[in-house]
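A.B. asks: Residue strings, one per chain:
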Amino acid sequence: DSGVTQTPKHLITATGQRVTLRCSPRSGDLSVYWYQQSLDQGLQFLIQYYNGEERAKGNILERFSAQQFPDLHSELNLSSLELGDSALYFCASSPITQGPHTEAFFGQGTRLTVV
Amino acid sequence: AQKITQTQPGMFVQEKEAVTLDCTYDTSDQSYGLFWYKQPSSGEMIFLIYQGSYDEQNATEGRYSLNFQKARKSANLVISASQLGDSAMYFCAMRDRAAGNKLTFGGGTRVLVKP
Chain A
1 DSGVTQTPKH LITATGQRVT LRCSPRSGDL SVYWYQQSLD QGLQFLIQYY
51 NGEERAKGNI LERFSAQQFP DLHSELNLSS LELGDSALYF CASSPITQGP
101 HTEAFFGQGT RLTVV
Chain B
116 AQKITQTQPG MFVQEKEAVT LDCTYDTSDQ SYGLFWYKQP SSGEMIFLIY
166 QGSYDEQNAT EGRYSLNFQK ARKSANLVIS ASQLGDSAMY FCAMRDRAAG
216 NKLTFGGGTR VLVKP
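Protein chains in written order, with this note's numbering: chain A, 1 to 115; chain B, 116 to 230.
Don't read these hints as lab results, they were simulated from the structure.
Hints are not guaranteed to be accurate.
Stated by the list, open to error - With a Cα cut of at most 30 Å, we get these calculated DSSO-like pairs of lysine-lysine:
hint: 1; chain 1: B; residue 1: K188; chain 2: B; residue 2: K131
hint: 2; chain 1: A; residue 1: K57; chain 2: A; residue 2: K9
hint: 3; chain 1: A; residue 1: K57; chain 2: B; residue 2: K185
hint: 4; chain 1: B; residue 1: K188; chain 2: B; residue 2: K118
hint: 5; chain 1: A; residue 1: K57; chain 2: B; residue 2: K118
hint: 6; chain 1: A; residue 1: K57; chain 2: B; residue 2: K188
What the hints assert, rightly or not - Partial selection, computed: residues in chain B whose CB lies under 8 Å from chain A:
hint: 7; residue: Y165
hint: 8; residue: A203
hint: 9; residue: F206
Claimed, not checked - Label-pair restraints from in silico Cβ distances:
hint: 10; chain 1: A; residue 1: A56; chain 2: B; residue 2: P155; range: 24 to 34 Å
hint: 11; chain 1: B; residue 1: P155; chain 2: A; residue 2: T5; range: 14 to 24 Å
hint: 12; chain 1: A; residue 1: I12; chain 2: B; residue 2: S143; range: 20 to 30 Å
hint: 13; chain 1: B; residue 1: N173; chain 2: A; residue 2: S79; range: 41 to 51 Å
hint: 14; chain 1: A; residue 1: D1; chain 2: B; residue 2: D144; range: 28 to 38 Å
All C-beta atoms, glycine included, are put in the ideal place defined by N, C-alpha and C.
Please construct the entire structure, taking both the sequences and the accompanying hints into account.
C.D. replies: So this is what it looks like as structure tokens:
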């Protein structure tokens with residue numbers, strides 16, 4: 001158990017809908033990262049938050065947004081869903097130092113299927 | 116831009132034998148971290164081992180060791196005494212300050228251990 005909790009584990013929804021994925025980082029970790037893993041794109045970095053503030057943005061679509069709350073949990077909102085958004089979405093957290101020499105611990109992922 | 120390359124899309128290994136998974140990286144930063152993750156069929160990402168750019172000794176964690184050749188920019192993972200439970204996808208990843216400390220992943224190598 002990595003200590004990172006993601007809910008829900010599975011999500012099936014229709015095109016055009018909006019969903020929210022939730023992540024609780026490990027106790028004490030201030031950094032949260034969101035990744036998307038699809039068959040054709042591999043593991044793609046979406047966005048990073050550190051102590052409530054956005055720190056870095058990757059290949060995140062405008063239809064997607066995220067935030068980190070004061071209790072450090074994070075939510076990833078996906079709207080106007082398309083079939084191509086079907087993927088495994090991971091949240092990861094890192095300790096306070098958040099430098100290049102600290103590992104990131106991943107949640108079990110949310111498998112999103114858009115039908 | 117930083118880049119991670121895993122040239123072996125898949126490989127078979129006999130149970131109890133050792134296997135080496137290749138990883139090369141590219142970064143202009145002097146301070147960076149290299150990581151290996153295992154993803155079994157259940158989907159979760161499991162942290163295996165870390166090597167820092169300033170570490171002079173190769174990292175080891177149980178049956179996992181990292182063959183770090185800095186001048187060649189390679190960070191190969193060696194799994195000794197393979198077990199059936201080692202069958203999984205393996206991802207090499209890097210963090211460096213130039214990329215905002217986010218994890219950048221290679222395309223992965225699928226390992227299948229044969230009894």
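A.B. asks: Quickly compare the C-alpha distance for K57/A and K118/B to 30 Å and report which way the hint goes.
C.D. replies: Answer holds: K57/A to K118/B is near 17 Å, not above 30 Å.
A.B. asks: 14 to 24 Å was suggested as the range; check whether the CB atoms of P155/B and T5/A agree with it.
C.D. replies: holds (19 Å)
A.B. asks: Regarding A56/A and P155/B, is the given constraint of 24 to 34 Å on their beta-carbon distance met?
C.D. replies: holds (28 Å)
A.B. asks: Taking the beta carbons of D1/A and D144/B, is their distance inside 28 to 38 Å?
C.D. replies: holds (32 Å)
A.B. asks: Given the hint of 41 to 51 Å, is the C-beta distance from N173/B to S79/A inside that range or not?
C.D. replies: holds (46 Å)
A.B. asks: Are the Cα atoms of K57/A and K9/A separated by 30 Å or less?
C.D. replies: With Cα atoms ~24 Å apart, K57/A and K9/A stay inside 30 Å; holds.
A.B. asks: Was the hint right that F206/B lines chain A, CB cutoff 8 Å?
C.D. replies: holds (7 Å)
A.B. asks: Decide if the proposed pair is consistent with the structure: K188/B and K131/B, CA atoms, cutoff 30 Å inclusive.
C.D. replies: Holds - the C-alpha atoms of K131/B and K188/B are around 29 Å apart, at most 30 Å.
A.B. asks: Classify the hint on A203/B as holds or violated, based on whether any CB of chain A lies nearer than 8 Å to its CB.
C.D. replies: violated (14 Å)
A.B. asks: Given the hinted pair K57/A and K185/B, is their alpha-carbon gap at most 30 Å?
C.D. replies: This hinted pair holds, its Cα atoms lying about 29 Å apart.
A.B. asks: Can the restraint linking K188/B and K118/B be considered satisfied, given a maximum Cα separation of 30 Å?
C.D. replies: Holds, at about 11 Å.
A.B. asks: Check whether the Cα positions of K57/A and K188/B lie no farther apart than 30 Å.
C.D. replies: Distance ~26 Å between K57/A and K188/B Cα, so the pair holds.
Figure legend: structure checked against the earlier numbered hints; hints not met, in rising order: 8, 12.
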